[in-house]
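Given chain A, work out where chain B should sit, using these hints.
So the protein sequences, as listed, match chains A and B.
Per this note's numbering, the very first residue in the first sequence carries number 1; after that it's consecutive.
Per this note's numbering, the very first residue in the second sequence carries number 1; after that it's consecutive.
Everything labelled a hint here was simulated from the structure, so no lab data went into it.
C-beta atoms are modelled at their ideal positions from N, C-alpha and C, and glycine is treated no differently.
Please note that a few of the clues may not be correct.
[Unchecked claim] Cut-off 20 Å, straight-line C-alpha distance, at most; resulting in silico cross-link-like pairs (SDA-like, lysine to any residue): (1) A:K57 <-> B:P389; (2) B:K315 <-> A:E8; (3) B:K315 <-> A:S7; (4) B:K315 <-> A:P5; (5) A:K3 <-> A:P102; (6) A:K57 <-> B:E386; (7) A:K3 <-> B:E316; (8) B:K383 <-> A:G21; (9) A:K3 <-> B:K315; (10) A:K80 <-> A:P101; (11) A:K9 <-> B:S313; (12) A:K3 <-> B:K383; (13) A:K3 <-> B:Y3; (14) A:K78 <-> A:D25; (15) B:K383 <-> A:N19.
[Said to hold, decoys possible] Stretch-level coverage of chain B by chain A, calculated; a stretch enters the list once three of its residues show a Cβ under 8 Å from a Cβ in chain A: (16) 108-114; (17) 118-129.
[Said to hold, decoys possible] Here's a subset of chain B near chain A, in silico, CB distances under 8 Å, partners left out: (18) E306; (19) S307; (20) L310; (21) L314.
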Amino acid sequence: MAKGPYSEKVMEHFMNPRNMGEIEDASGVGEVGNPACGDVMKLYLKISDDGIVEDVKFKTFGCGAAIASSSMATELLKGKSVEEILELTNNAIVEALDGLPPAKIHCSVMAEEAIESALRDYYERIGKDPKIVDELKEKIKNKQTN
Amino acid sequence: MIYVDNVAGTKPDKRVVDKMIPFYTEKYGNPSAHFYPLGRESFEAIDEARGHVASLINAEKDEIIFTSCGTESNNLAIKGILETDKVKDKKHIVISAIEHFSVQNVCLKLMNEGYKITKIRVDENGKIDLGELEDAITEDTALVSVIYVSPEIGTVQDLQKIGEICRNKGVLFHTDAVAGVGHVPVDVKEVGCDLMSIAGQNFYAPKGSAALYVRDGVKINPIFDGGFQEMGIRSGSENVPAIVGLGEAAKIAKNEMDEYTSKMKKLQKQLWDGLDEMFDFIHFTGDKTDRLPGHVSFWIEYIEGESLLLWYSLKEIYGASGSACSSNIMAEDEDELEASHVLTAVGVPNDICAGSLTFSMSKYNTEEDINKILEVTPEIVNKLCEMSPYYNK
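Next comes chain A alone, as it looks inside the complex (with noise of 0.2 Å):
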């Protein structure tokens, strides 16, 4: 048959999404949008004492390529450390979906603002400064580029 946009990752995770659904107790909460399309993803965490991603569930209201990234995402959370999974990007997770159509990148993005966006809700939780996630962020990034 004759390909379509997305990749077979994409289609797969399209079809048979893992982590979908919520967590009662998590111990974060993400929801972010994208206004270009309207796109919504809420990303559940729930961390264990020590910071490590015990369990993670999402939600998505999106495209093929929002629910796609929403799975993959909370697949390439599961186990890590708090720290770790700052240090995953957009980028990995079109990686790690065999790439996105150019026009679709942005669903990747909001993935990845979803998982900052539920580490600040965390930390709040558990009474530091959220800021503590832009701060990690900025330090990675350094750490990147040098």
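Positioned in the frame of chain A, the structure of chain B alone reads:
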């Protein structure tokens, strides 16, 4: 496979294709070559096709100009009249808010050349505001162009009333009837339009077959220059097989339209009612009564259109979506993703336009096709609702 994206192009009728084939294989003469039988044969075939197309819309033979597609017909209609004596000093064009890109973008570009464009609003059913249309026409108006049938929401405009307004105001009237001809009766004399675009791919002829009706007495200039084909209005060697196909499709439509459209209307009702009963969060778009036969368009709360489209397509049901996300998926940049201007015009909010879907049937669809669509829909909708952060059970 269930093909319900017929506004994007119908399956050509086998009789149409059979009639075309010899013009690819044996009857390859150039219709301008009148002095040997091979050429003469092509000329006569075009002449016959012109008669069939004219007859379908109650026009005269010499009022039909063959073109290559609906987009070309729309371009020719608009650009072709602006420099003619009657209107060359007028710098105002009136269109509706739900025109096809091949009218809308032509007008946008004309704004760079000093033209003023007025877009007439439509109501929530997609009907244009006739009062507003009447008020919009001024001494400076060169042309009114209104789409007959919206491929996206299926609404059929009252061309006769629009034609009457234009005649009373003495202004030229073009209608893009591409999505209508072959499924909705058209009588150019009753409508009183000056120009009408027609495309064969919407009624069982192949892509690349199209025409522009130009009322007798209306002057029009070519948009590219060349020989004397099509009275010099559309020069270039004629695409004889496509023209023959368009003619045959017009002949079939004239004879059989009543029969197949009454069947399509039944199937439309079956699909519409079936979906309506299923969910209380489904919203149909377009006019329920004045509607293209076999056309059902809707949006579902909580669900994005491309996801819906993809799932139907995985179930081998092929429709279309007006969602921003699937609007131009091959684009190089997300800035090129835009919610459909047709849906925003009928008042569907931007983020909700995301959910819109269009099923457009052909004369080939069956009751089983509709049953199958209705059968797979709950599973798809439930799956996507469950995934939606907006949906609360």
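Hint by hint, here is what the structure shows:
1. The hinted pair formed by K57 of chain A and P389 of chain B meets the criterion: a straight-line CA distance of about 12 Å does not exceed 20 Å.
2. Taking the CA atoms of K315 of chain B and E8 of chain A, the gap is about 16 Å. The hint holds against a cut of 20 Å.
3. With a C-alpha separation of about 18 Å, the suggested pairing of K315 of chain B with S7 of chain A holds against the 20 Å cut-off.
4. With a C-alpha separation of about 17 Å, the suggested pairing of K315 of chain B with P5 of chain A holds against the 20 Å cut-off.
5. Distance check on the hinted pair: K3 of chain A and P102 of chain A sit about 16 Å apart at the alpha-carbon level, within 20 Å; holds.
6. This hinted pair checks out: K57 of chain A and E386 of chain B have alpha carbons roughly 13 Å apart, not beyond 20 Å.
7. Taking the CA atoms of K3 of chain A and E316 of chain B, the gap is near 14 Å; set against the 20 Å cutoff, the hint holds.
8. A C-alpha spacing of about 11 Å is found between K383 of chain B and G21 of chain A, which places the hinted pair at or below 20 Å, so the restraint holds.
9. A hinted pair counts as satisfied when its Cα atoms are at most 20 Å apart, and K3 of chain A with K315 of chain B qualifies at roughly 16 Å.
10. Our distance criterion of 20 Å between C-alpha atoms is broken by K80 of chain A and P101 of chain A, whose separation comes to about 28 Å.
11. In summary, the hint linking K9 of chain A to S313 of chain B is supported, as the alpha carbons are separated by about 17 Å, within the 20 Å threshold.
12. Taken as a hint, the K3 of chain A and K383 of chain B pair is broken in the structure, with Cα atoms around 24 Å apart against an allowance of 20 Å.
13. For the proposed pair K3 of chain A and Y3 of chain B, the alpha carbon gap of about 18 Å is at most 20 Å, so the pair holds.
14. At most 20 Å may separate the alpha-carbon atoms for a hinted pair to count; K78 of chain A and D25 of chain A meet this at roughly 16 Å.
15. As the CA atoms of K383 of chain B and N19 of chain A are separated by approximately 14 Å, the hinted pair is consistent with the 20 Å bound.
16. Counting residues of the stretch 108-114 of chain B whose beta carbon lies closer than 8 Å to any beta carbon of chain A gives 0, which falls below the threshold of three, so the coverage claim is violated.
17. With 0 residues having a beta carbon nearer than 8 Å to a beta carbon of chain A, the stretch 118-129 of chain B misses the requirement of three or more and the stated coverage is violated.
18. Evaluation of the E306 of chain B hint against chain A yields a held restraint, the C-beta minimum of about 4 Å falling below 8 Å.
19. Checking S307 of chain B against chain A by beta carbon gives a least distance of about 6 Å; that is within 8 Å, so the hint holds.
20. Among the interface hints, the one on L310 of chain B holds; its C-beta lies about 5 Å from the nearest C-beta in chain A, closer than the 8 Å criterion.
21. Given hint, L314 of chain B at the interface with chain A, holds; its Cβ is 7 Å from that chain's nearest Cβ, closer than 8 Å.
When the structure is compared with the earlier hints, violations turn up for hints 10, 12, 16 and 17 and for no others.
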